[in-house]
Each structure stands twice: as C-alpha cells, then as structure tokens.
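**Student:** Sequence:
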Amino acid sequence: MKLLLDFLPILLFFGMFKYAEARPDWAAATASEWLGFMVAGSIVGPSEAPVLLATVVVIAATLVQVAVLMIRGQKIDTMLWISLALVVVLGGATIYFHSETFIKWKPTVLYWAMGVGLLIGQVLGKNGIRALMGSQMTLPDAVWVRVNQAWIGFFVFMGALNLLVAYQFSTAVWVNFKLFGGIGLMFGFVLAQALILGKYLKDDEASIASGEAPKS
Numbered sequence: 000m001k002l003l004l005d006f007l008p009i010l011l012f013f014g015m016f017k018y019a020e021a022r023p024d025w026a027a028a029t030a031s032e033w034l035g036f037m038v039a040g041s042i043v044g045p046s047e048a049p050v051l052l053a054t055v056v057v058i059a060a061t062l063v064q065v066a067v068l069m070i071r072g073q074k075i076d077t078m079l080w081i082s083l084a085l086v087v088v089l090g091g092a093t094i095y096f097h098s099e100t101f102i103k104w105k106p107t108v109l110y111w112a113m114g115v116g117l118l119i120g121q122v123l124g125k126n127g128i129r130a131l132m133g134s135q136m137t138l139p140d141a142v143w144v145r146v147n148q149a150w151i152g153f154f155v156f157m158g159a160l161n162l163l164v165a166y167q168f169s170t171a172v173w174v175n176f177k178l179f180g181g182i183g184l185m186f187g188f189v190l191a192q193a194l195i196l197g198k199y200l201k202d203d204e205a206s207i208a209s210g211e212a213p214k215s
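First residue of the sequence shown: 0, per numbering that gives the first Met the number 0; consecutive thereafter.
A hint or two may mislead.
Only pairs whose alpha carbons sit at most 25 Å apart, straight line, appear in this in silico DSS-like list of lysine-lysine [stated by the list, open to error]:
#1 Lys74 with Lys105
#2 Lys74 with Lys17
#3 Lys17 with Lys105
Because the hints were derived from the structure by calculation, they are not lab data.
Just so it is clear, the structure is predicted and the values come from calculations on it, not from any experiment.
Based on the provided sequences and hints, a complete structural model is requested.
**Tutor:** Structure below.
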C-alpha cells in the first residue's frame with residue numbers, strides 16, 4: 000500500500016500527460032478553462048497544455064499523499080515534505096509561466112537535496128543510510144560509510160542525468176524517462192547494492208562461523 004502511495008503522483012503525472020498529449024485540442028481547451036485564472040495571458044496552447052495539466056495532477060496527488068499519511072497517523076518523511084514544497088513551488092511556476100522548465104528541475108533538486116543531506120550527515124558523524132537500514136542488517140562501520148557514499152554518488156548522478164534528458168530531449172521523452180528511466184535506475188541500483196551486500200554478509204557470516212574477525 001505504501002509503495003503504491005509513494006509512486007502514485009508520478010504514475011498520475013505520466014497518465015495525464017500521455018492522455019492530454021494524444022488529445023491536444025481537448026487539452027488546450029481544458030487547461031485554458033481550468034487554469035486560465037492562474038496562467039499568464041489566460042490562454043494555454045496545445046503544445047504546453049499536457050505538461051500543465053499533468054503538473055496540476057501531480058500537485059494534487061502529492062497533497063493527497065501527505066493528507067492520507069496524516070489521517071492515518073503515519074510519520075511523514077522529511078523528503079516528502081521537501082518534495083511537496085518543490086512540486087508546489089516549481090509546479091506553480093510551470094503553470095503560471097507556461098514553461099515546463101520549472102517542473103523539470105524538480106527531480107534534480109530533490110535528488111541533490113537528498114545527496115546533500117546524506118553528505119552533511121556523514122560530515123557530522125551521522126550516517127543517514129544506516130539510520131534508515133540499520134534495523135534490517137548489521138554491517139561494519141566502514142561498510143556503512145561506503146554504502147552512504149554510494150547513495151550520495153547515485154543521487155548526484157541522477158540529478159545530472161535528469162537535467163541532461165530535460166534539456167537535450169523533448170518533454171515527451173523526459174516524461175518517459177521520469178517514470179521508466181528514473182524508477183528503473185533506482186531499482187537497478189538497489190538490486191545491485193543488495194547483491195553486493197548480500198555477498199559481503201555471506202562472507203561475514205562464514206568468518207564468524209570459523210572464528211575469524213569479520214572483513215572490513
């Protein structure tokens with residue numbers, strides 16, 4: 000349930016964009032009617048309507064996501080609050096200025112914010128990844144540091160890759176990348192890390208069984 004809730008905003012963003020992209024006249028008329036009071040000039044053209052409608056949907060979906068968690072009494076992660084603030088501010092700018100540039104920056108800012116957060120934590124002696132995963136596995140301190148550094152590098156890479164796709168390809172390609180590329184690379188990175196740590200843990204268990212000190 001939580002996994003579906005986490006991915007719901009991006010799925011709805013993708014769905015609305017594709018639906019509106021296939022119906023440009025409907026999208027322009029609907030966006031002008033719904034968003035005319037919010038956009039500069041009050042008229043939305045067929046080329047910009049899909050991303051504006053999708054942006055409205057993702058703002059609403061993220062607000063609902065936060066509201067559901069609050070109603071259920073669940074803790075709202077700091078990153079979700081940051082994501083909400085970014086999607087409202089940058090999404091609002093996209094709608095007002097008829098420019099997809101602002102919403103395209105949202106993933107990059109979020110990725111880099113997470114990377115900076117992990118880096119600051121590491122400098123201050125707090126390992127953010129260990130805080131999240133420490134209850135699920137036991138690793139030596141040196142390994143936790145490397146895992147944390149790997150996530151920092153991944154977030155920096157993803158932020159830069161998002162900008163590359165956003166500026167070098169069409170908005171339609173960027174939307175596809177946002178769903179399939181972004182999520183796919185995330186799952187791939189998590190899987191690769193799980194395989195590496197799983198192998199390490201097996202070696203660690205074998206060392207303990209033989210009475211040797213764990214490798215670091």
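**Student:** Could you run down the list of hints and mark each one as holding or not?
**Tutor:** Results for each hint:
| no. | hint | verdict |
| --- | --- | --- |
| 1 | Lys74 with Lys105 | holds (23 Å) |
| 2 | Lys74 with Lys17 | violated (33 Å) |
| 3 | Lys17 with Lys105 | holds (19 Å) |
Comparing the model with each numbered hint stated earlier shows that hint 2 is the single one that does not hold.
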